[in-house]
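For the record, the sequence lines run as chains V and W. In terms of numbering that gives the first Met the number 0, the numbers along the first sequence are unbroken and rise by one, the last being 394. In terms of numbering that gives the first Met the number 0, the numbers along the second sequence are unbroken and rise by one, the last being 566.
Because the hints were derived from the structure by calculation, they are not lab data. Careful, some of the hints might be misleading.
Think about it this way: if two alpha-carbon atoms lie no more than 30 angstroms apart in a straight line, the pair counts; the simulated DSSO-like pairs of lysine-lysine are [what the hints assert, rightly or not]:
| # | chain 1 | residue 1 | chain 2 | residue 2 |
| --- | --- | --- | --- | --- |
| 1 | V | K126 | W | K369 |
| 2 | W | K341 | V | K126 |
| 3 | W | K356 | V | K126 |
| 4 | W | K77 | W | K66 |
| 5 | V | K163 | W | K351 |
| 6 | V | K126 | W | K333 |
Covered stretches of chain V (in silico footprint by chain W; criterion: 3 or more residues with CB under 8 angstroms from a CB of chain W, positions within the stretch not fixed) [to be verified]:
| # | region |
| --- | --- |
| 7 | 119-132 |
| 8 | 151-161 |
Quick caveat, the model's predicted, so the values are computed rather than measured. Quick reminder that beta carbons are idealized off the backbone N, C-alpha and C, glycines included.
Now for the letters of each chain:
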Amino acid sequence: MNVQSREVQQKLLGEYSNIHDQWFSDHPAPYTAIAFDSYYPEWGNPQRINLVVNAVSITSEADIQVLPRPYVLDITLEEALGPKAKGTSEPIGLIPKTFAYDEERQGIIERNLSDFLVALLYDDILKRDERLIIFQGPFSPKLLGRLGYRNLNHDITLAAITFKSEWFPLNVPEANRRLNQDLDRSRFFIDIERSCHAREKAFYQLADNKPSNGLEEVLKSWIAVNNNRTVFILELFCQFPSGVELPGGRIKSPWITKLRAVQESLRFPGLVFEQSEPIWLPFALACAYDICRHYGRRPFKEPESVWKDYWEYLSFYEEDIEEMYRVGWETAEVVGRRSLLYLAMFSPQIYSFVKEKAGLIPAAGEFDRGMNLSRAIKGERTRGGWRINRWREII
Amino acid sequence: MNDREFSHAEDNFWLEKGLVQEVPLGRHQLRKILKFDNVPESMSIGVNRARGVSDDLGVADCLDDKKTQIQAYANITKFNQLGIKDYLLGKTSAADLHTRHAHSMGAAVIGRLYFAALEPFVEYTHIRNLFKNQHSYFEKLMLVALYLHDVGHLPYSHMVEAVFDEINWTRIKGASHRHDEVPLQQLGHEEKSGIKEAIKTCLNLSTEEETEQAFDLTQDLIAGISGIPFLDAIINSSIDADKIDYIFRDMEYTETRARLRNTQTWLTDFLSNISLSPEGLVRLNGEAALCTLELLEERQFLYRVLYLEPKIRAFEKIASVIVISWLTRQVSSKLLSTLNEKAVSDGVFQFKPDLRKEKGDLAYLLIVDKFIRYSSHHELTLLLDMCQELADDPYRDTSAKQWFGELGKRLAGFREVQSSQHLIEECNEIIVEEPFYIAKGRDGQYVRMAREIARNLYIDYPCGVLIDIVEFPGFLPTPKSRHFVAPNGVIVGETFLVPGEKPSEWSRNKIGRFPLHCCDFASLEKQFAQVLVINTMPGEVNGMYFLDLFIRRCRENGVKIEPSIWR
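Starting from the given sequences, assemble the full structure and let the hints guide the process.
Structure (structure tokens):
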């Protein structure tokens, strides 16, 4: 990690230590996160699609290790696709079904992705003795099938976090969502409040989810909900769940142990925006996804949801991210600074630091802080001469 | 036409058992049916063991000279024809003789007899000009095709094809992995060069263009789409030399026989009554049609009592799980480096459209390499080695490692058996209940559903109960390459004519004039798949629970179950 990344990280860790009183005495469990995204390298040609895959590891000293460059799977969906395979799993539908993406082509994309993820797992991640691996979700049936043949050790926790809202319906039947909105009836109640900055007064509660993919014993799933909004879906896969015997003869469920491991990773979260909604993810997963999302030529802009007024400065930051990566900024710095900027609305300490650098007036609450930041940065950008290094000066 | 005598080397079945030294072709009945006197009333064709240098037109010698180059051809000398069945049945001593190569030699013997029986009729067909002064050329190419028709095979025979099907790998882009579908396409550049050189030598060709044409024709002959109907019939059809050889061979080696007439009688009756139509299609007249029916019925019987016999299937299912687990493990750890070698640039990989072929090719190299180099060319030893590696896998759960260790011990028990008694005892322990059957449904939809349920159960409850699902084959085997999709259904490119639409009305006095694939064989087919539940950990796992669970889930998904289809 370079100097800027380390500075940002220290500041972020400092903020989180105010939330987690025992942060520095408990080192985060190391883990590796794998994320992906897709884009079309040729304008107007849906038969060629690129999947970008990246893996980011975080050590127990909170050091971020990123692959030297992301992998790009350049997939051409040819006409002659061959006979339908007997007995293989159906695609889950990561690319929406359209005239160009029938079920078979969707299957090809998911198959390639699953093959690559498993190859990455065996050729790289497991060789480093990693025990917690967090995938960008959902777990597709093809990936689960592949993992199912491999009988991985129960010590290895495989988790998937689905945070892109267009994929929620793949894994969360509507009935489950309505049922779990009344959280008093939920079976699982994991407190991740303290993991995702209590300043926002937002906390993620986990509610039970039962997806309909036919696996009942080896796959468990929960919805993380915030103010009745599904924030992400968490899945855990383990073929040999064995409980731990506690004093007194009780057996601690292996799923609780694995959930706690994921909770550990969320104690050092990073922020991503999906359709202008903030989502806190394990920091390494946020970094991995951010690289994939901003990789590659984008011939057309993604449709943008409207940013809230007092978050407008964050939209400016998002606009500058492609250039940041282009000039070589590290993902830990990019994601870390985004997280700090967002927290500046809620944290007087961070706001006062920014206030000095950006010349802001004092503000009483998050709305005022957000508006002040938005006006100040908008003003600077409008006056001309804006450069991305200014972010480094602001925070 | 005079009597014909050939000589062959290396066949350890037809020649060794003296079954083809003299095959008298009595054509009196045929001449009567066809009202055709232009073929001799009788002639004799026979195959003798070669003295000194092998004859068979020199084809075997030419291919043998190139064995080091045509690695896939050298490999089939070591692959057992029936996978692990010979070991399970206690026929270990026969296993060494019962190879794919021996079968290919046998198919070549039958092919020569078949060709000799039909040759007199060629001059009365539309393709006579093609054959003018070229009989030897086509006969030699036919032999090359028969010797090489199984080069696409891997150890464990069709079980590995089922494995590839289950995990959706292939060695042929755009097609499922089948040894008989364009096997030469799967070969490497070096191997193809070796075959071309062998063809060039044995056919005495002078130019590269002629050699390429002959090689292409060989590929087409193996696929059964050469365009010369009777050659396609001999090499890849419903009653080809391959089937005639393996049915009689497997019956003999496993001492299984139901209703098929004596081998020599069958050959005589069949070959005496076949002829060619003016289009070059093979007419199965009179007795030849009845012999065909018997052969195909015997094949169905072999499927019931040998190939799909539940005791055999139980251990083949265990073997296939071992092979799948081993292959997926090995390929996973090598796939990234394989991709890196082919990367367009650093970290950028092109997929057109996916990795099925890459994984299939990698799997082929791994399994053949392990079989040839490390497992003493012994299918059972290979399985035991795989079990050991799986038991030592550092990333696999302890329970799984122990399980593979236990499977290895179970299989090791077959090392020294001399009879099928051990198989019976083992199966009494692990087979939960008698097999039951599920209807195939339209396009096999119910079988697909059942397979998905079985797969989910295996993932949900690993290393315990296995569920084997296998479809009974159709009565009339036909190469897929001869299936053509038309607007109103699938048309099969025909190579045979039979006495009538209903097999029950075929008789010794009728001429073959009706396309074989338009006949109604529905009453002779079983449109079912056999399901067998195997408990690999009896005493630790309750097999009946999983049997009930599987049946319940099948019923919930509309899959129809039959307890028995034979009684």
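Hints, verified against the model:
1. Restraint check for V:K126 and W:K369: the C-alpha separation of about 23 angstroms stays at or below 30 angstroms, so the hint holds.
2. The suggested pairing of W:K341 with V:K126 holds, with an alpha-carbon distance near 23 angstroms, which does not exceed 30 angstroms.
3. Between the alpha carbons of W:K356 and V:K126 the distance comes to roughly 26 angstroms, so the proposed pair stays at or under 30 angstroms and holds.
4. As the CA atoms of W:K77 and W:K66 are separated by approximately 13 angstroms, the hinted pair is consistent with the 30 angstroms bound.
5. For the suggested pair V:K163 and W:K351, the alpha carbons sit about 27 angstroms apart, so the restraint of at most 30 angstroms is met.
6. A threshold of 30 angstroms between alpha carbons decides the hint, and for V:K126 with W:K333 the separation of about 13 angstroms falls inside it, so the pair holds.
7. Remark: the region 119-132 of chain V is confirmed as covered by chain W, as 6 of its residues place a Cβ nearer than 8 angstroms to a Cβ of that chain, reaching the required three.
8. With a threshold of 8 angstroms between beta carbons, the proposed coverage of the region 151-161 of chain V by chain W holds, since 4 of its residues qualify and at least three are required.
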